[in-house]
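There are 2 protein chains.
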Amino acid sequence: MTTTSPEVPTTQNLALAIDIGGTKAEAALVDSNGTVVSGSRFRRPTGPLASSDDLAEAVRSVLGDAVASRTPGSTLLGVGVGSAGPITVADGLVSPLNLAVWRDYPLRQLVIDAVPDVPVTMRMDGECITLAEHWVGAAVGYDNVMGMIVSTGIGGGLILEGAAVAGPTGNAGHIGHVEVGGFDDPCLCGGIGCVEAIASGPKTVAWANRQGWVGATGEDLAAAYAAGDATAIAAVERSGRAIGQAIASATALADLEIVAIGGGFSRVTPDLFRFIREAIAKRVAFGFVTKVKVVPSSLSDAGPLIGSAALVHRADMLH
Amino acid sequence: MTTTSPEVPTTQNLALAIDIGGTKAEAALVDSNGTVVSGSRFRRPTGPLASSDDLAEAVRSVLGDAVASRTPGSTLLGVGVGSAGPITVADGLVSPLNLAVWRDYPLRQLVIDAVPDVPVTMRMDGECITLAEHWVGAAVGYDNVMGMIVSTGIGGGLILEGAAVAGPTGNAGHIGHVEVGGFDDPCLCGGIGCVEAIASGPKTVAWANRQGWVGATGEDLAAAYAAGDATAIAAVERSGRAIGQAIASATALADLEIVAIGGGFSRVTPDLFRFIREAIAKRVAFGFVTKVKVVPSSLSDAGPLIGSAALVHRADMLH
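Line order of the protein sequences matches chains W and S. Numbered continuously in this note's numbering, the first sequence closes out at residue 305. Numbered continuously in this note's numbering, the second sequence closes out at residue 305.
Same shape as in the complex, but just chain W (with noise of 0.2 Å):
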């Protein structure tokens, strides 16, 4: 799908990308080796507080900018949208949670009306996070991979057997809503031990909070683990467990080879990935679980951008 001139060098074929998300919008332009083009990323606020037409105004604004910022002789391809989830990909239509005024939103159309003439691919913010770790982060080389996001909320996608699995609405990946045994923190979305419920980085700090910790972020959570706080460890080894379970539960399912995980709560400490890695050890009579690679992000701050643009240059992979 993504023809190239011969007489076009790769890096000036290019993906228009844009991340939609609870905190910001952000768009670039993205070469065929997966690189931001330098001065072509534009970034402007959403948040709880901005109206349907506040959103799609950021939006209509960084696509605008960042097309502007071509330089002559380059191809644009196409445009890849990243959109926080959940989604209804056969219709464009996005319903973001931390976005409540956007409900069945046709994103699609709006960029496509701001950007004709090129095609629109839109998919879940996690599938495209999963993409771009598989294309250019820590999951290159790895045909069946689970990219993952903990941070204020947990996500992630899929890539199954080489492709990406969007599923037939577009939610695939939700991981933070598997549920863990063990665990029976009440999740918003009507489950019982969600993982996101127990170890998102507001939930890890409320559970530290209930021991007795006085603290307010996950920053402040990160410092006293680095101090050797009890309850900071403790609560950092609650989430690393839980999280550990659900990715072994999400391999006995499906067989995951690697799990990539970012975020701002994954910084937390490294240590985190030890929890992890020590909970999916306990599934012994499972070698083709205890398998599972967990690693941390390899991806920049423009991974979700790059992501997006996977949806363009790796369209070979989409479904």
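What you were told as hints is all true, and nothing was included just to trick you.
Pairs involving identical chains hold if they fit within one copy or between any two copies, as the list cannot separate such chains.
SDA-like mimics (lysine to any residue), calculated; alpha carbons at most 20 Å apart, straight line:
| hint | residue 1 | residue 2 |
| --- | --- | --- |
| 1 | Lys268 | Leu174 |
| 2 | Lys268 | Gly168 |
| 3 | Lys277 | Leu83 |
| 4 | Lys277 | Leu174 |
| 5 | Lys10 | Ala288 |
| 6 | Lys277 | Asp90 |
| 7 | Lys277 | Ser81 |
| 8 | Lys10 | Tyr91 |
To be clear, the hints were calculated from the coordinates, so they are not data collected in a lab. A quick note: this is a predicted structure, and the numbers were derived from the prediction, not measured.
With chain W held as given, fit chain S onto it using these hints.
Just chain S now, with coordinates in the frame of chain W:
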């Protein structure tokens, strides 16, 4: 992969199907409509007392009998092998949990030696049953399917975006070892709250026994449920709830459209399906989770054989 000579009616293009499990090895010829050829089905016991040579002889025996039943003019396209897992599909090895004498046993080579000169394809039994549901069972017309068996254990398989998902080791679909929130039943695999450890027939009976119910089998429990015994009802409700929670997690991860459930204990009472659906309906925030249909298998007891035959007749669905 299934080349057809134009002069041969499709019902004369046959797959040799074999299914190997904890209690029996069974083989049959299956035509390209998914129908078992009359008089071609043969069975031999396996079981925990059989030696490795006994098991191999059972496999050779049922294969030989089924091949010998072929009528003149039919074409043998290939052999499809379904085996209890875990397996290592790339090397053709099986380690069925309930056949302890086979660990990394070269089953595919055994079949190749027994039936030379045709292609042999091997997959886990849960994947085969899922292919059968998709081909001629309760999941016809769906592209995102989980087949599931609830019996002495709980297993299954996945079809996502129209393709059977084997996974790199062949073990995708182990739904029995997806954990369930709010439960802490220990699982032999090392997990905690795995749905198999809660909701298999024997585990459901064991839970009812611990509450004081006197009875030994799933059939006893079915009778007690039908008679209105409060403990039997509580036991079945508990297992249905756990199965529903596991399906909800699997759907959060894989965006399933339909789950078809077979196996002896799935027929303990039709109410089991109501309990399963009620648990899934609790995921109120996610329409893409609550949308998943849960239906009884519509396959006969030849389902596993039809699934093994699908490895030949529906080879285009395999990666």
